[in-house]
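A.B. asks: Each chain, letter by letter, is given below.
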Amino acid sequence: MRNAMLWLRVPLRALPPLLATAAWPTTAFAQESPTDTGDTAWMLTSAALVLAMTPALAFFYGGLVRRKNILSVLMQCFMIICIVTLQWVLLGYSLAFGPDVMGLIGSLAWLGLKGVGAAPNADYAATIPHTVFMFYQCMFAVITPALILGAFAERMKFSAFCLFMLLWATVVYDPICHWVWAVGGFIRNMGALDFAGGTVVHINAGIAALVCALVLGKRQGYPGKISPPHNLPFAVLGAGFLWFGWFGFNAGSALGANSLAGSAFLATHVAAASAGLTWAILDWKINAHATVLGMITGVVAGLVAITPAAGFVGPIDAIWIGIGAAIACFLFVAVIKVKLGYDDSLDVFGVHGIGGIWGALATGLWASTEINPAGANGLFYGNPGLVLIQLKAVLATAIFSGIVTFVLLKILDSVTGIRVSEQDERIGLDLTQHREAGYTQLD
Amino acid sequence: MKYIIAIIQADRLDEVLERLTEKEIHLVTVSNVLGRGRQKGIAEVYRSHTEAGSLLRKVKLEVAVNEEFVQPTIDAITQGARTGNIGDGKIFVLDLKQCVRIRTGETQNVAIG
Chain R
467 MRNAMLWLRV
477 PLRALPPLLA
487 TAAWPTTAFA
497 QESPTDTGDT
507 AWMLTSAALV
517 LAMTPALAFF
527 YGGLVRRKNI
537 LSVLMQCFMI
547 ICIVTLQWVL
557 LGYSLAFGPD
567 VMGLIGSLAW
577 LGLKGVGAAP
587 NADYAATIPH
597 TVFMFYQCMF
607 AVITPALILG
617 AFAERMKFSA
627 FCLFMLLWAT
637 VVYDPICHWV
647 WAVGGFIRNM
657 GALDFAGGTV
667 VHINAGIAAL
677 VCALVLGKRQ
687 GYPGKISPPH
697 NLPFAVLGAG
707 FLWFGWFGFN
717 AGSALGANSL
727 AGSAFLATHV
737 AAASAGLTWA
747 ILDWKINAHA
757 TVLGMITGVV
767 AGLVAITPAA
777 GFVGPIDAIW
787 IGIGAAIACF
797 LFVAVIKVKL
807 GYDDSLDVFG
817 VHGIGGIWGA
827 LATGLWASTE
837 INPAGANGLF
847 YGNPGLVLIQ
857 LKAVLATAIF
867 SGIVTFVLLK
877 ILDSVTGIRV
887 SEQDERIGLD
897 LTQHREAGYT
907 QLD
Chain X
1412 MKYIIAIIQA
1422 DRLDEVLERL
1432 TEKEIHLVTV
1442 SNVLGRGRQK
1452 GIAEVYRSHT
1462 EAGSLLRKVK
1472 LEVAVNEEFV
1482 QPTIDAITQG
1492 ARTGNIGDGK
1502 IFVLDLKQCV
1512 RIRTGETQNV
1522 AIG
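Going down the list, the protein sequences come from chains R and X. Just so it is clear: in the first sequence, position 400 is 866 by the working numbering, and no numbers are missing. Just so it is clear: in the second sequence, position 42 is 1453 by the working numbering, and no numbers are missing.
Careful, some of the hints might be misleading.
[As the list claims (entries may be wrong)] Distance condition first, Cα-Cα at most 20 Å in a straight line; then the derived EDC-like pairs of lysine to aspartate or glutamate:
hint, chain 1, residue 1, chain 2, residue 2
1, X, K1413, X, E1473
2, R, K684, X, E1433
3, X, K1434, X, E1473
4, R, K691, X, D1425
5, R, K691, X, E1429
6, X, K1501, X, E1473
7, X, K1413, X, E1435
8, X, K1508, X, D1486
9, R, K691, X, E1435
10, R, K684, X, E1426
11, X, K1508, X, E1473
12, X, K1471, X, E1517
13, X, K1413, X, D1506
14, R, K691, X, E1479
15, R, K580, R, D566
16, R, K691, X, E1433
17, R, K684, R, E902
18, R, K684, R, E888
For the record, the hints were derived by calculation from the structure and aren't laboratory data. It should be emphasised that the depicted structure is a prediction, and the values quoted were computed from it without experimental measurement.
Next up, chain R with everything else stripped away, as it sits in the complex (with noise of 0.2 Å):
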């Protein structure tokens, strides 16, 4: 529903000829585009934002695994911008935003970023530069896989991670950017409303990760005999700088420097706030102390609910989202996850996906046309049908990224293998992956 947020900022003002010269005569740069200089700065602003959410999810991840294992967090978040950001150019871009085959996939039509150039798309973005809107989307195609690998950190094969994560990001994120986002997507036409990737980012990561655990199985010694974290403040580092990021991710899909871009950052922030605050008293009640990791794992959950609904609710409406986030997170990480016993090494089902669920409800629950016009009401606001409909793609979302990542994983195991041995998982995958070590014990 990203292009929902259109209705602001018309009459749009031409952009300076700056460009207007033949410099790249290969693209159509050349001509006097319609853009919003003030939109266009925010956007480039938004995309950076986003991709240091990636490196910020790096140090999250790092500092909760063992000490023999921080490299290879941080390498395969990096190995994933490489890989998602080539693969968005050339392939990605086309099959999610591309123009529409039957409602499930974008055509060929955008290869290479054919035709994706300076003039604005009106169907997606209609006061910045095709590429900029291009770029910033080419960010959350690199974090959602990115989320994924806490799930099965400390234990998958390098190489085989590098196939899986350019498959999935081509067989499982492209398609559903697509029904989500792009026009003519089926649950787009549905009025499913996720202002900033509830369904396409969480709720997809969340389900693969979950199938991740299931399929790669526990790490040696789980439950039990694995260390604790081995840098706690290098986790809070990350989180901090995934705040900060998000409102890039949620401001920021507003699309535009506006009232509406405002409105996401307010609600934003105050539903992480308060899904922090949340599982800190949580923590307090039930484990005796407030936890450090608790905090953070509650804010982390807060800006995850509150990312579809971040356009479309109030921030009072945020408070409550951002409760239940904690609440809900709170539970399955500490009470179900343990009765069910998978791995899911950093809880990327716990907080994402559920998180993502709750977030994709709520905005059922909590949407209201006074926020945004272009969005619907929800059950609070005399629509009870909207929840209806935010379930339908919750469900979508979960059964095709679920079949679809068990499928790939499947083929890798039997072609590459995809799990270390265990030896090296014992040793870790810093050496035995990547042959470095993250700390010296000398100095």
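Chain R is already provided as a structure; the job is to place chain X on it using the hints.
C.D. replies: Coordinates of chain X only, in the frame set by chain R:
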């Protein structure tokens, strides 16, 4: 009383501790150490050129035991740490002259367990 020091591969630690527990040897001190033996270990790569690591990461275990536990301790460590490869490590057994439990002031055989 003997003081047993073992240098083992870091990734065998869990296994060794399990074997020691099976033989009811619970008191053990463990540290990360660097050292070198006869094998070459895992070389690290620094900005894309290989550097042979001269010192290897190992784990040192220290166990103080009464005479009747000496052989079980050696067996447990050997079983847990042996892979058959160069670099499995060594066990040193030293005579122990005195042992004092700080909390109670007890000494010798009573204090050790």
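A.B. asks: Work down the list of hints and note, for each, if the structure agrees.
C.D. replies: Status of the hints after comparison with the structure:
For the hint pairing K1413 of chain X with E1473 of chain X, the CA-to-CA distance comes to about 11 Å; that is within 20 Å, so the pair holds. Distance check on the hinted pair: K684 of chain R and E1433 of chain X sit about 24 Å apart at the alpha-carbon level, beyond 20 Å; violated. A distance of roughly 16 Å separates the Cα atoms of K1434 of chain X and E1473 of chain X; the hinted pair therefore holds under the 20 Å criterion. Distance restraint check for K691 of chain R and D1425 of chain X: the Cα-Cα separation of roughly 9 Å lies within the 20 Å cut-off, and the hinted pair is therefore satisfied.
Restraint check for K691 of chain R and E1429 of chain X: the C-alpha separation of about 11 Å stays at or below 20 Å, so the hint holds. Under the criterion of a C-alpha separation no larger than 20 Å, the hint pairing K1501 of chain X with E1473 of chain X is consistent with the structure, at around 12 Å. Distance hint between K1413 of chain X and E1435 of chain X is fulfilled; the C-alpha atoms sit about 16 Å from each other, no more than 20 Å. Simply put, K1508 of chain X and D1486 of chain X have alpha-carbon atoms about 23 Å apart, too far for the 20 Å limit, and the pair is violated.
Taking the CA atoms of K691 of chain R and E1435 of chain X, the gap is near 19 Å; set against the 20 Å cutoff, the hint holds. Of the supplied pair hints, the one linking K684 of chain R and E1426 of chain X holds, its CA atoms being roughly 18 Å apart against a limit of 20 Å. For a cut-off of 20 Å, the pair hint linking K1508 of chain X to E1473 of chain X stands: about 16 Å separates their Cα positions. Among the hinted pairs, K1471 of chain X with E1517 of chain X is inconsistent with the structure: their alpha-carbon atoms are about 27 Å apart, more than 20 Å.
Among the hinted pairs, K1413 of chain X with D1506 of chain X is consistent with the structure: their alpha-carbon atoms are about 5 Å apart, no more than 20 Å. Restraint check: the Cα-Cα separation between K691 of chain R and E1479 of chain X comes to about 30 Å, which exceeds 20 Å; the hinted pair is violated. Taken as a hint, the K580 of chain R and D566 of chain R pair is honoured in the structure, with Cα atoms around 16 Å apart against an allowance of 20 Å. With a C-alpha separation of about 16 Å, the suggested pairing of K691 of chain R with E1433 of chain X holds against the 20 Å cut-off.
At most 20 Å may separate the alpha-carbon atoms for a hinted pair to count; K684 of chain R and E902 of chain R exceed this at roughly 24 Å. A distance of roughly 12 Å separates the Cα atoms of K684 of chain R and E888 of chain R; the hinted pair therefore holds under the 20 Å criterion.
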